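Asker: Next come the chains, spelled out residue by residue.
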Amino acid sequence: AQSVAQPEDQVNVAEGNPLTVKCTYSVSGNPYLFWYVQYPNRGLQFLLKYITGDNLVKGSYGFEAEFNKSQTSFHLKKPSALVSDSALYFCAVRDLQTGANNLFFGTGTRLTVIP
Amino acid sequence: NAGVTQTPKFQVLKTGQSMTLQCAQDMNHNSMYWYRQDPGMGLRLIYYSASEGTTDKGEVPNGYNVSRLNKREFSLRLESAAPSQTSVYFCASSEFGGLTEAFFGQGTRLTVV
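One line per chain: the protein sequences are E and G, in this order. When the letters of the first sequence are read in order and numbered with my numbering, they come out as residues 19 to 133. When the letters of the second sequence are read in order and numbered with my numbering, they come out as residues 261 to 373.
This is chain E alone, in the form it adopts within the complex (with noise of 0.2 Å):
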């Protein structure tokens, strides 16, 4: 079965340093990871992938996130966080192997700069 875990509810930051979302993933095959990010009242905006290749993906708004397979991680970074950055930020999966064609969701981490 597939899964995603988001250890973290909230994530506190000040502005201009470096943030860290975690995600850790749980599959049978390959994986395909997103990340996506949800704004007060907005639907779901499409951040990064992660599919094949390189394992440091780089994505909209200046984040990226590294892809490390051995610890089953996914975690979304920028080197230098705003004000509006703070956000409900969502990892997902789609495991490859079962062919199921949908995304399975973390429970969100709450990202809040603090200016």
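Please keep in mind that the hints were generated in silico from the structure rather than gathered at the bench. None of these values were measured; they are calculated from a predicted model. The reader is advised that the hints may include incorrect statements.
Claimed, not checked - Listed next, the in silico SDA-like pairs over lysine to any residue satisfying Cα-Cα at most 25 Å (straight line): (1) Lys76(E) <-> Phe363(G); (2) Lys331(G) <-> Phe64(E); (3) Lys269(G) <-> Ser104(E); (4) Lys95(E) <-> Arg60(E); (5) Lys317(G) <-> Ser21(E); (6) Lys67(E) <-> Ser311(G); (7) Lys40(E) <-> Thr360(G); (8) Lys67(E) <-> Gln366(G).
Said to hold, decoys possible - Residues of chain E placed beyond 12 Å of chain G at every Cβ, according to the derived structure: (9) Glu33; (10) Ser91; (11) Leu100; (12) Thr130; (13) Val131; (14) Ile132.
We treat Cβ as the ideally placed atom computed from N, Cα and C, and that holds for glycine.
Once you have looked at the hints, place chain G on chain E.
Answerer: Just chain G now, kept in the frame of chain E:
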């Protein structure tokens, strides 16, 4: 380019009432989805449609039905609403299922009293 459009944005229902949530996408995507979002639960898949003419159950399909009316439209019906169905509902679409990123509508906030 509107993307994914959901209607209505807000709705209050009494227990036992029925309603249909509408969703339309203008990106010519093959796959469409209905999720519900509850505090501390993340997003859970209710139903999805891999392509026009097909629908499949997701994680939490009980109490819901769907119709893929055509390639653009995917509706979600609550036949007899229950307070447990109070949630925020999101429709999404993607070009090729889980292989490509999904685009989400703005959501429908449903309260069942």
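Asker: If a hint holds in the structure, say so; if it does not, say that too.
Answerer: Consistency of the hints with the structure:
Taking the CA atoms of Lys76(E) and Phe363(G), the gap is about 19 Å. The hint holds against a cut of 25 Å. With a CA separation close to 22 Å, the supplied pair Lys331(G) and Phe64(E) stays within the 25 Å bound. With a C-alpha separation of about 24 Å, the suggested pairing of Lys269(G) with Ser104(E) holds against the 25 Å cut-off. Restraint check: the Cα-Cα separation between Lys95(E) and Arg60(E) comes to about 22 Å, which is no more than 25 Å; the hinted pair holds.
Proximity of Lys317(G) to Ser21(E) is assessed by CA-CA distance (about 17 Å); at most 25 Å being required, the pair is judged to hold. Proximity of Lys67(E) to Ser311(G) is assessed by CA-CA distance (about 22 Å); at most 25 Å being required, the pair is judged to hold. For the proposed pair Lys40(E) and Thr360(G), the alpha carbon gap of about 22 Å is at most 25 Å, so the pair holds. Proposed proximity of Lys67(E) and Gln366(G) is supported: the alpha carbons are some 21 Å apart, at most 25 Å.
With a minimum CB-CB distance of about 27 Å to chain G, Glu33(E) clears the 12 Å threshold, and the non-interface call stands. Every CB of chain G lies more than 12 Å from the CB of Ser91(E), the least distance being 18 Å, so the non-interface label holds. Once the 12 Å rule is applied to beta carbons, Leu100(E) is consistent with being away from chain G; the minimum gap is 22 Å. No beta-carbon of chain G is positioned within 12 Å of the beta-carbon of Thr130(E); the least distance is around 17 Å.
Every C-beta of chain G lies more than 12 Å from that of Val131(E), the closest at about 22 Å, which supports listing it as non-interface. Every beta carbon of chain G lies more than 12 Å from that of Ile132(E), the smallest distance being close to 23 Å; the non-interface claim holds.
No hint from the list above goes unmet by this structure.
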